[in-house]
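Model the full assembly from the supplied sequences, consistent with the hints where possible.
Chain by chain, the residues:
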Amino acid sequence: MRFVDEFRDPELALVLGTEITALCDPGQHYKIMEVCGGHTHTIYRYGVQDHLPDNIELVHGPGCPVCVIPMGRVDDGVAIAERDDVILTCFGDMMRIPGGNGSFLDANAAGADIRMVYSPLDALRIARQNPDRQVVFYAIGFETTAPSTALTVLRAKQEGIPNFSVFCNHVTIIPAIKAILDSPDLRLDAFLGPGHVSTVIGCRPYDFIARQHGKPLVCAGFEPLDLLQSVYLIMKQLKEGRAEVENQYGRVVDWDGNPRALAVMNDVFSLRPYFEWRGLGSISHSALQLSSRYADFDAELRFAVPGVRVADPKACQCGEVLKGVLKPWECKVFGTACTPETPIGTCMVSSEGACAAYYNYGQYAKQRIHLEV
Amino acid sequence: MTGEGACSVTEGCITCGDVAVALIVVSMVGMDARCRDEQGREETVAMELVGTVTPGDRVLVHAGVAIEALTRDSRTSKASRTSHMTGSGE
Numbered sequence: 019m020r021f022v023d024e025f026r027d028p029e030l031a032l033v034l035g036t037e038i039t040a041l042c043d044p045g046q047h048y049k050i051m052e053v054c055g056g057h058t059h060t061i062y063r064y065g066v067q068d069h070l071p072d073n074i075e076l077v078h079g080p081g082c083p084v085c086v087i088p089m090g091r092v093d094d095g096v097a098i099a100e101r102d103d104v105i106l107t108c109f110g111d112m113m114r115i116p117g118g119n120g121s122f123l124d125a126n127a128a129g130a131d132i133r134m135v136y137s138p139l140d141a142l143r144i145a146r147q148n149p150d151r152q153v154v155f156y157a158i159g160f161e162t163t164a165p166s167t168a169l170t171v172l173r174a175k176q177e178g179i180p181n182f183s184v185f186c187n188h189v190t191i192i193p194a195i196k197a198i199l200d201s202p203d204l205r206l207d208a209f210l211g212p213g214h215v216s217t218v219i220g221c222r223p224y225d226f227i228a229r230q231h232g233k234p235l236v237c238a239g240f241e242p243l244d245l246l247q248s249v250y251l252i253m254k255q256l257k258e259g260r261a262e263v264e265n266q267y268g269r270v271v272d273w274d275g276n277p278r279a280l281a282v283m284n285d286v287f288s289l290r291p292y293f294e295w296r297g298l299g300s301i302s303h304s305a306l307q308l309s310s311r312y313a314d315f316d317a318e319l320r321f322a323v324p325g326v327r328v329a330d331p332k333a334c335q336c337g338e339v340l341k342g343v344l345k346p347w348e349c350k351v352f353g354t355a356c357t358p359e360t361p362i363g364t365c366m367v368s369s370e371g372a373c374a375a376y377y378n379y380g381q382y383a384k385q386r387i388h389l390e391v
Numbered sequence: 009m010t011g012e013g014a015c016s017v018t019e020g021c022i023t024c025g026d027v028a029v030a031l032i033v034v035s036m037v038g039m040d041a042r043c044r045d046e047q048g049r050e051e052t053v054a055m056e057l058v059g060t061v062t063p064g065d066r067v068l069v070h071a072g073v074a075i076e077a078l079t080r081d082s083r084t085s086k087a088s089r090t091s092h093m094t095g096s097g098e
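Sequences listed follow chains A and B, in order. Numbered according to my numbering, the first sequence spans residues 19 to 391. Numbered according to my numbering, the second sequence spans residues 9 to 98.
Misleading hints may appear alongside valid ones.
Facing chain A, from chain B, some residues (calculated, C-beta under 7 Å) [claimed, not checked]:
(1) 28
(2) 29
(3) 32
(4) 48
(5) 54
(6) 56
(7) 61
(8) 64
(9) 68
(10) 70
(11) 76
Computed spacing ranges between beta-carbons, pair by pair [said to hold, decoys possible]:
(12) A:325 <-> B:36: 19 to 27 Å
(13) B:60 <-> A:120: 31 to 39 Å
(14) B:36 <-> A:311: 26 to 34 Å
(15) A:360 <-> B:34: 36 to 44 Å
(16) A:33 <-> B:34: 17 to 25 Å
Just so you know, these hints were derived from the structure itself, not from any lab. A virtual CB, placed ideally from N, CA and C, is assigned to each residue, including glycine.
Okay, here's the thing in structure tokens:
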């Protein structure tokens, strides 16, 4: 398949692995965080880690959109969905995220009308088809997805669709990276930057990572060779004592991002003063809400929600996994009480979640064997 | 793309996974375009965020919206650019 096969060539992977090894100082341990859940998925699906020397450790970051949704926000969605006049719409993985009072799937089983959509534009179509019902889109995701929600709100306003609104949980990646860099319990050497988020925001917002923290970041694509080449670029920087932002995913990511998408986001959204991230806690200016110009489409203003902070289950260690402090298999309930079929934590729900990736692609067994040795 | 494997409760959701898919523009339909993937599956995609496109162009699609046009000349010229930032200690 064009644009795919050339990025999955096993012989090239071996060559890159050898070149990466040659750049390593054998006496040093390197920690590289892949920020994006899509990268985590690729790493374990294709065994990217197996092409790296043992002293390069890939640390999983907070870039899985559903993984960072706190339980209280799930409960808010359920509370809206339980109204007789509401159709709640959301993306697929969101259906299984556990809240304090169950998941959207549980609410559906209890009679709420919650429908899975692929695009926020599908939610708008449902609103057109059901003028006597309130249709709420439960928006999640980083800057990759936020423009789609913004565009949908613009269309709703242009068409004058009064029964459509958005429950906005969009988050932004830069404050999360800042929070990780400020975390005292994590020492990182470099970052693999999120490819599709960078399609929208470009590479410039990462400059502070190189300039203020002296750490390399390479915006990386999602195929196995993309990731290996990105690790190579990082190791070359470290070897040469440089800290720069580089763009490995140049076939997709423009250095300045997508100005049209950024303009639409700036028009429709404003920054929340604070937003709670699962595992990372409350981070200032890290999430989006509908701006006052689009308040008529803000579900948080249209409906009363509990708005209560719900603590994660004590057994769940998603927070430590999201910060890269714990590997998924080090969580007490990983693979036992918490599995993709019966997730306790968010990281086990989405295929991009670090725990689900470990579980689905055999790293669980591999790591346990290492432990026993 | 919608359909099997794109978004399901059991198999995972490509939108939640920040997955974007490269599609080819087949025809324009107002502000939208009919787009096709390599397997021949078609989808209607919103085009407002990428400006003018014509049939044959490749676009990167996420959640039913094109977020980048992939066929512009500028794409390759920016492939190897770096910010040339120096480390904090330099």
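Hints, verified against the model:
no., hint, result
1, 28, "holds, 5 Å"
2, 29, "violated, 10 Å"
3, 32, "violated, 11 Å"
4, 48, "violated, 13 Å"
5, 54, "holds, 6 Å"
6, 56, "holds, 6 Å"
7, 61, "violated, 12 Å"
8, 64, "violated, 14 Å"
9, 68, "holds, 6 Å"
10, 70, "holds, 5 Å"
11, 76, "holds, 5 Å"
12, A:325 <-> B:36: 19 to 27 Å, "violated, 43 Å"
13, B:60 <-> A:120: 31 to 39 Å, "violated, 47 Å"
14, B:36 <-> A:311: 26 to 34 Å, "holds, 29 Å"
15, A:360 <-> B:34: 36 to 44 Å, "holds, 42 Å"
16, A:33 <-> B:34: 17 to 25 Å, "violated, 38 Å"
In summary, the structure is inconsistent with hints 2, 3, 4, 7, 8, 12, 13, 16 from the numbered list given earlier, while agreeing with the others.
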